[in-house]
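Residues per chain, in single letters:
There are 2 protein chains.
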Amino acid sequence: MNKLKDFPLSKVYQLLEPGPVVLVTTCFQGRNNVMTMSWHMMVEFEPPAVACVVSSNNYTFNALKRSRECVIALPGVELARKVVAVGNCSGRNVDKFPAFRLTAIPAEKVEAPLVVQCFANLECKTLDTRLVNKYNLFLLEVVQAWIDPRRKNPKTIHHHGYGTFVVDGRTITLPSKMR
Amino acid sequence: MNKLKDFPLSKVYQLLEPGPVVLVTTCFQGRNNVMTMSWHMMVEFEPPAVACVVSSNNYTFNALKRSRECVIALPGVELARKVVAVGNCSGRNVDKFPAFRLTAIPAEKVEAPLVVQCFANLECKTLDTRLVNKYNLFLLEVVQAWIDPRRKNPKTIHHHGYGTFVVDGRTITLPSKMR
Numbered sequence: 000m001n002k003l004k005d006f007p008l009s010k011v012y013q014l015l016e017p018g019p020v021v022l023v024t025t026c027f028q029g030r031n032n033v034m035t036m037s038w039h040m041m042v043e044f045e046p047p048a049v050a051c052v053v054s055s056n057n058y059t060f061n062a063l064k065r066s067r068e069c070v071i072a073l074p075g076v077e078l079a080r081k082v083v084a085v086g087n088c089s090g091r092n093v094d095k096f097p098a099f100r101l102t103a104i105p106a107e108k109v110e111a112p113l114v115v116q117c118f119a120n121l122e123c124k125t126l127d128t129r130l131v132n133k134y135n136l137f138l139l140e141v142v143q144a145w146i147d148p149r150r151k152n153p154k155t156i157h158h159h160g161y162g163t164f165v166v167d168g169r170t171i172t173l174p175s176k177m178r
Numbered sequence: 000m001n002k003l004k005d006f007p008l009s010k011v012y013q014l015l016e017p018g019p020v021v022l023v024t025t026c027f028q029g030r031n032n033v034m035t036m037s038w039h040m041m042v043e044f045e046p047p048a049v050a051c052v053v054s055s056n057n058y059t060f061n062a063l064k065r066s067r068e069c070v071i072a073l074p075g076v077e078l079a080r081k082v083v084a085v086g087n088c089s090g091r092n093v094d095k096f097p098a099f100r101l102t103a104i105p106a107e108k109v110e111a112p113l114v115v116q117c118f119a120n121l122e123c124k125t126l127d128t129r130l131v132n133k134y135n136l137f138l139l140e141v142v143q144a145w146i147d148p149r150r151k152n153p154k155t156i157h158h159h160g161y162g163t164f165v166v167d168g169r170t171i172t173l174p175s176k177m178r
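Residue numbers (numbering that gives the first Met the number 0), protein chains in the order written: chain A, 0 to 178; chain B, 0 to 178.
Hints in this document: simulated from the structure, not taken from any laboratory. Some hints could be false.
It does not matter which identical chain is meant; a pair holds if it fits inside one copy or across any two.
Once the Cα atoms are required to be at most 30 Å apart in a straight line, the calculated DSBU-like pairs of lysine-lysine come out as [claimed, not checked]:
| # | residue 1 | residue 2 |
| --- | --- | --- |
| 1 | Lys151 | Lys4 |
| 2 | Lys176 | Lys133 |
| 3 | Lys176 | Lys81 |
| 4 | Lys176 | Lys154 |
| 5 | Lys176 | Lys108 |
| 6 | Lys10 | Lys64 |
| 7 | Lys151 | Lys64 |
| 8 | Lys176 | Lys2 |
| 9 | Lys133 | Lys154 |
| 10 | Lys2 | Lys81 |
| 11 | Lys2 | Lys133 |
| 12 | Lys4 | Lys133 |
| 13 | Lys64 | Lys133 |
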């Protein structure tokens, strides 16, 4: 039950670089929350650093800014309806984990919870906040990563605006020197 | 021939938010160059702002830092081999536009060229350089966008490391309040 496996930090970029829609969990003043996010990118391979933009209108903005911790969780396409539902309401009004039947379990190095239904979970701490006030841009370090070993070749979703998502299709491999 | 169409800045996020592999062109000291990039994200809807990471090992780093301009060009899957080839050599040694038979045409608001073979081209100027020295992270503003009107439903590619790419698959649309 809920057996997540330690995932090497050196490979975290392979999860986020392709641009999937993700969930972000926080724990602030003892309260868990989860939001939907598409504006993120890798910044460094190892230790993995990630940049993301969280609108200051979102409940998560203050929770992340104050707690300095979050979890980035990667949902497969089978969670698409929940991902949209999570993104269409605010933690100010809704207790989202029970509302959308998402299961929060304790992380190892941060207070924010892991999302059991996601195929990967990345525990993050704030690394640099210089661009938070002007651009809502947070720099995070991934301090621990988990993967669900039962999930083979999960398909992620990519947002094109207004609830339209492209689902991962076929995979191609070309000889490349690029990491 | 090469008739690109003005694309509304308010919709630029719909092109970059899904996380496609892109090309980045620069013009520095009168010399065009192009590189391959996956580490980028949207930062603001309108005027569109984009963050990206360009390694200081790359020829483009200095070209972008000094010229303060670039073009982000979006290739479809049919360009995958060229995209990998462009990413596997440096502008220090190779004149990439002729070497890979990519066609550079003048942009409107920046010196960096557009790439005719790409289905969209975004002319960018540097917006904030505070995180360049420490993280190689540039903040750009998209000042002009172009789309090739002949290209319907282009399929983009998403890098998972070491030359493995996932190609856009099916599209799903869910009722959503999210922009």
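Status of each hint after checking the structure:
1. For the identical chains of this complex, Lys151 and Lys4 are intra-copy neighbours only, at 13 Å inside a copy versus 41 Å across copies, given an alpha-carbon limit of 30 Å.
2. Taking the shortest alpha-carbon separations for Lys176 and Lys133, only the inter-copy value of 25 Å comes in at or below 30 Å, while the best intra-copy value is 37 Å.
3. Proximity of Lys176 and Lys81 under a CA criterion of 30 Å is satisfied inter-copy only: 13 Å between copies versus 38 Å inside one chain copy.
4. In this assembly of identical chains, Lys176 and Lys154 lie within 30 Å of each other by CA distance both inside one copy and across copies; the values are 25 Å within and 23 Å between.
5. In this assembly of identical chains, the alpha carbons of Lys176 and Lys108 never lie at most 30 Å apart, being 34 Å within a copy and 34 Å across copies at closest.
6. In this assembly of identical chains, the alpha carbons of Lys10 and Lys64 lie at most 30 Å apart whether taken from the same copy (26 Å) or from different copies (29 Å).
7. For the identical chains of this complex, Lys151 and Lys64 are neighbours neither inside a copy (34 Å) nor across copies (41 Å), given an alpha-carbon limit of 30 Å.
8. With identical chains, the CA atoms of Lys176 and Lys2 are never at most 30 Å apart, being 35 Å at best within one copy and 34 Å at best between copies.
9. Taking the shortest alpha-carbon separations for Lys133 and Lys154, neither the intra-copy value of 34 Å nor the inter-copy value of 34 Å comes in at or below 30 Å.
10. Only within a single protomer do Lys2 and Lys81 lie at most 30 Å apart by alpha-carbon distance; the minimum there is 22 Å, versus 41 Å between protomers.
11. For the identical chains of this complex, Lys2 and Lys133 are neighbours neither inside a copy (40 Å) nor across copies (37 Å), given an alpha-carbon limit of 30 Å.
12. For the homomeric pair Lys4 and Lys133, neither the shortest alpha-carbon distance inside one copy (37 Å) nor that between copies (32 Å) is at most 30 Å.
13. In this homomeric assembly, Lys64 and Lys133 come within 30 Å of each other (Cα to Cα) both inside a single copy, at 13 Å, and across copies, at 21 Å.
Violated hints, in rising order: 5, 7, 8, 9, 11 and 12; the structure is consistent with all others.
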